[in-house]
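Peer 1: Protein chains in written order, with my numbering: chain X, 7 to 226; chain G, 7 to 226; chain A, 7 to 226; chain S, 7 to 226; chain E, 7 to 226; chain D, 7 to 226.
The hints are simulated quantities; they were obtained by calculation from the structure and are not laboratory data. Fair warning: this is a prediction, and the values are worked out from it, not measured in the lab. Worth double-checking, as some hints may not be accurate.
[What the hints assert, rightly or not] If you want the ones that stay clear, here's a sample from chain X, every Cβ over 12 Å from chain A, calculated:
{"no.": "1", "residue": "Glu24"}
{"no.": "2", "residue": "Asn27"}
{"no.": "3", "residue": "Ala42"}
{"no.": "4", "residue": "Arg69"}
{"no.": "5", "residue": "Thr156"}
{"no.": "6", "residue": "Pro205"}
[Unchecked claim] Not everything, but these chain A residues come out facing chain E in the computed CB check (under 10 Å):
{"no.": "7", "residue": "Ile129"}
{"no.": "8", "residue": "Pro130"}
{"no.": "9", "residue": "Arg131"}
{"no.": "10", "residue": "Arg134"}
{"no.": "11", "residue": "Met142"}
{"no.": "12", "residue": "Gly147"}
{"no.": "13", "residue": "Asp148"}
{"no.": "14", "residue": "Leu149"}
{"no.": "15", "residue": "Gly152"}
{"no.": "16", "residue": "Leu153"}
Ideal placement from N, C-alpha and C gives every residue a C-beta, glycine not left out.
There are 6 protein chains.
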Amino acid sequence: MSRTIFVINPNSSTSVTEAINQAVEPLRTAQGPQIACLTLPEGPAGIQSQRDVDGVIGPLLSRAKELEEDASAFVVACFSDPGLHALREQSRRPVFGIAEAGVLTALTLGQRFGVIAILPTSIPRHLRYFGAMGVMARFAGDLSIGLGVTELADEARTYERMLATGRSLRDGHGADVIVMGCAGMARYRRRLQGELGIPVVEPTQAATAMALGRVLLADL
Amino acid sequence: MSRTIFVINPNSSTSVTEAINQAVEPLRTAQGPQIACLTLPEGPAGIQSQRDVDGVIGPLLSRAKELEEDASAFVVACFSDPGLHALREQSRRPVFGIAEAGVLTALTLGQRFGVIAILPTSIPRHLRYFGAMGVMARFAGDLSIGLGVTELADEARTYERMLATGRSLRDGHGADVIVMGCAGMARYRRRLQGELGIPVVEPTQAATAMALGRVLLADL
Amino acid sequence: MSRTIFVINPNSSTSVTEAINQAVEPLRTAQGPQIACLTLPEGPAGIQSQRDVDGVIGPLLSRAKELEEDASAFVVACFSDPGLHALREQSRRPVFGIAEAGVLTALTLGQRFGVIAILPTSIPRHLRYFGAMGVMARFAGDLSIGLGVTELADEARTYERMLATGRSLRDGHGADVIVMGCAGMARYRRRLQGELGIPVVEPTQAATAMALGRVLLADL
Amino acid sequence: MSRTIFVINPNSSTSVTEAINQAVEPLRTAQGPQIACLTLPEGPAGIQSQRDVDGVIGPLLSRAKELEEDASAFVVACFSDPGLHALREQSRRPVFGIAEAGVLTALTLGQRFGVIAILPTSIPRHLRYFGAMGVMARFAGDLSIGLGVTELADEARTYERMLATGRSLRDGHGADVIVMGCAGMARYRRRLQGELGIPVVEPTQAATAMALGRVLLADL
Amino acid sequence: MSRTIFVINPNSSTSVTEAINQAVEPLRTAQGPQIACLTLPEGPAGIQSQRDVDGVIGPLLSRAKELEEDASAFVVACFSDPGLHALREQSRRPVFGIAEAGVLTALTLGQRFGVIAILPTSIPRHLRYFGAMGVMARFAGDLSIGLGVTELADEARTYERMLATGRSLRDGHGADVIVMGCAGMARYRRRLQGELGIPVVEPTQAATAMALGRVLLADL
Amino acid sequence: MSRTIFVINPNSSTSVTEAINQAVEPLRTAQGPQIACLTLPEGPAGIQSQRDVDGVIGPLLSRAKELEEDASAFVVACFSDPGLHALREQSRRPVFGIAEAGVLTALTLGQRFGVIAILPTSIPRHLRYFGAMGVMARFAGDLSIGLGVTELADEARTYERMLATGRSLRDGHGADVIVMGCAGMARYRRRLQGELGIPVVEPTQAATAMALGRVLLADL
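From just these sequences and the hints, can you work out the full model?
Peer 2: As structure tokens, this is what we get:
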């Protein structure tokens, strides 16, 4: 098993990549596949609009093509799953998106999933995606914390907003499991889950865990 | 009303653009907005894969940005509606996609719509899109004629396949209205509708007609 | 193009017909089809109940039959779309309902549509209709302003209620596009859209615009 | 319990009313409510089109109004449930439609219901109705026997078509329960069920049984 | 008609069985089938968890097997419908569950049903069931009164909570019909319906009424 | 990581358990959690009916309770996921069902999943479960190979039936990914996938892979 699971952060923020790298650390085992987290330098600092989503697909596909021979699987680590289906066409390896994997994982932890988005403008995009996934029957709500990329640096405020948003999803929308609608926020997961009292899914972990399982089974 | 509805064919085949141009001719009126059909030279000869779809978004947005001031509306004339939501973000003008408009128009003509796709690989992409649109409750089926871009030059064979596929959708899947799942096929519409005995929607016409209405109402 | 799009207001209030007439004025072009707005004198002053809806179908069909030869299309201008499918059976012309067209148009402007109803008793009827249309996956909510037909004469109060209801749909139900659930309210549309900050669809305009497009394309 | 359940056949065929009368005979008990089956002379010989459906609502409501004081419940005995919701508004008594009751009853007998329609033109109308009922997730298919009202007099042929249609629904569409999509066919039910090997619901029985239960419970 | 409809309360509380017995009293007629309400002594005092639900299935099936020859129908009188489908396999008699019957009955009384649950932990279980029934398109909400089995003895408090919960379902979730999500609460139904102003369905009545109809029709 | 993932085969066939044991072998890594496959001796030779499903829940819960302290996760290895939600209530460990995990995994491999069932009587049970999961929008079909437990010993015949059924799902129902609707069939997976040309999911592998990921992440 000499090949690598490549987790590609399609924005150019290395701090996000580093946070993802720490998040997936428990999935690295001596015998299992390597897991490498990469930044896409061509991406924007943060992926906020549909235009941003669509714009990173080209560079993402190019990068993945270079990595193909060394890859055992790919994880696209942005909650809009940019290029997921194009990369599935291009690559002979399994490909996972963190939104898809995060939501599917949530379906094993509760009956109605709520999503904590960063920006309100992401919500219609998420809804189109959940519709394409055919999972709206399990959808409780999608609410944003309303902070821009730069404001996320204030961790106390970010966490406070996440907690308030999680409570609204739980109490007002009936969510019994929460999906974090972004990459790079794994450091808040455990505390958020504890305070909300319902499971919270960190989507880069969810997707990389699925990738790990697929890779281990690939030879069977 | 000096501005123009720009119908952008995101592939580089000028013959497709010309076919679209003829298809929307009846929507040009003396007093109404001008309608200009453009080819995207950066596009592939035909848009066949998700990668093709995603790949034309950048050039499409660039072209539309140049046209913004002269535009009264945009129509994206590929049945995968590439860049539809990104262009809606970017532009202050109304933006229409031919798949969205074609399906919504079909919903006024029958209870269950069937789609004639060109290639089988397009079908999962269509299904994701119809799911995102939330219209699967009205979906009858999506079947392909199984011809590549170059084979479409044989018009007799193309029509024969369309007719057979339309019959399967009508008789085997319960479709009572058909959407042509591609641009540039308007010349077959009337005959196909006549032989099938159920309405057939040509999607570039559907989208441009919607654009026309929106433009006329824009000042109210 | 000597034939006429007949927009039939199935209630007997000529003031409503006049408001519709003004609403569709921008769709009248020198070269395009004529658009005539008619009142159905047999209808009630306002259509408020399912009984009212069902009761106008007979007179509506009779009137449409008289107009058939002069018609290029019909628009049924009541938000319950009375007789829509019966008229589609009876007529050889395209037939549009303002609820159907208003909702389908909203689907091109936002991801979740909210409806402003006049009376609370209309809401279950709307829901049955949206279910029949298969669009509940895109439905955000339907709330009434709670004013009777006579109270609608107080325009300031009516607008104030519409605005409050639109805000509830936007903020409490996640609507990002609003459909006015009645005919004859076009004069509030622009201001409402401006204050809500999300698109507002006036359904008689939506339906008549669709009819215009269909008529222009009819000979192709 | 001196009041009566009125089962109103909204077509003018007394033979249909008589067949209904026999079908509901087992629901008449000494102590229970009377059940009277009526013909609507204003109705057409058979209800075949949406226009027919809508056209009988007025006479149906008038007749029901006359019967209101003597009624304990109403059953509308046409599979398009004409006037069901208008009658629910008008009457203080419980009101049942045979399509609604037939389908809901089928949901207790199998996982996917199939419908045997008389005419193909009824199918889109049925689908709109099942959509309004919100039961399309349990829908297997709706196929017609393709016989006109007069042809139904040939009982052998009618039964043969019903059996063939039921087999198509069972084997090709996955139906595990069948609803007869018309009134007046109860005489075929038992044999059809026996030969198909899956439950067959006769909808006038289903609706009248529901009415009986509601009436008995009305005083609690 | 010498056989009996057996209504089996799968918990061991005879007070609940007695309440059910009173609730179905109006369905007993001189000529009609007998209705016997039984307690399952092997059941817990109250069925609160999925484990409780699953745990009573074995004893329930055993008891029903003993009763088979004397039975004309079975009603499983717990809102989680424990063993419903297993009993349908085992028995040659019609079998009804109170949740299924309660919800289906509600669909004839309003467009969106709300459910009053006893405990919050029941809600995901209810949602799974409504999903399996395919009726989520008609679902308004499911809220609990938050009282344990022993606390239900305080009738004033129980009623007050039910009323408050019903109001939340009606005003906040758009419910226009309420289903009581438990057996043994029939004594509150009439008053609750009166104060809420929308229909309230007591599910043991709904199921037993359906059973009665089925039994009366069984010989046809 | 000294605890174990317990994969419990709830039927009493040790050959099935052994087949599962081989299927999950690739998921055993030196550093990762142990995976132990157990037989439930109280179970029937094969789980064929709803009664069988419900009947194994009690023994399954008892066995899992004994294993709780040694467990890092549980996998319920029967395609009806018996006791899944009860075990989730009982245990503090993550619990997976092979039907749930198999279908969710399929959603990452195709747009419409088909299921190969063993017996036709399982299909309505599967459909109820997929409805409860809210994934019917992605469902293509569920067809059985029609062989009893003992007939499955004829491997050539079993494989031939699986292949034919897979082809029907792919060609007649539009499935682009297949889920094997049973445990213990992993030996056919690779060949079936090769001959069908679309992904085939073996559900015990899917569930155990999910369990592995969850366990590795459990401390984060």
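Peer 1: Could you run down the list of hints and mark each one as holding or not?
Peer 2: Okay, the hints, checked on the actual structure:
1. At roughly 33 Å, the least C-beta separation between X/Glu24 and chain A is larger than 12 Å, which holds for a residue marked as non-interface.
2. The non-interface label for X/Asn27 is consistent with chain A: the shortest C-beta to C-beta separation is roughly 34 Å, beyond 12 Å.
3. For X/Ala42, the shortest C-beta to C-beta distance to chain A comes to about 36 Å, beyond the 12 Å cut-off, and the non-interface label holds.
4. With 12 Å as the threshold on Cβ separation, the claim that X/Arg69 sits away from chain A holds: the shortest Cβ distance comes to roughly 31 Å.
5. Look at X/Thr156: its CB is around 24 Å from the nearest CB on chain A, clear of 12 Å, so calling it non-interface holds up.
6. Under the 12 Å C-beta cut-off, the non-interface status given to X/Pro205 relative to chain A holds; the minimum distance is some 23 Å.
7. Interface restraint check: A/Ile129 against chain E, minimum CB-CB distance 8 Å, threshold 10 Å, status holds.
8. Annotation: interface hint on A/Pro130 holds; nearest CB of chain E at approximately 4 Å, less than 10 Å.
9. This hint holds: A/Arg131 has a C-beta 8 Å from the nearest C-beta of chain E, less than the 10 Å allowed.
10. At a threshold of 10 Å, the smallest CB-CB gap from A/Arg134 to chain E is about 6 Å, leaving the interface hint in force.
11. For A/Met142, the interface hint holds, since its Cβ comes within 10 Å of a Cβ in chain E; the closest pair sits about 6 Å apart.
12. For A/Gly147, the interface hint holds, the least distance from its beta-carbon to any beta-carbon of chain E being 8 Å, beneath 10 Å.
13. Hint on A/Asp148 holds. Least Cβ distance to chain E is approximately 8 Å, under the 10 Å limit.
14. Nearest Cβ of chain E to the Cβ of A/Leu149: about 9 Å, under the 10 Å cut. The hint holds.
15. For the restraint placing A/Gly152 at the interface with chain E, the shortest Cβ-Cβ distance is roughly 13 Å, beyond the 10 Å limit, so the hint is violated.
16. Contact between A/Leu153 and chain E, as hinted, is not supported at the beta carbon level, the nearest pair being about 19 Å apart and thus beyond 10 Å.
Checked against the numbered hints given earlier, this structure breaks hints 15 and 16; the rest are met.
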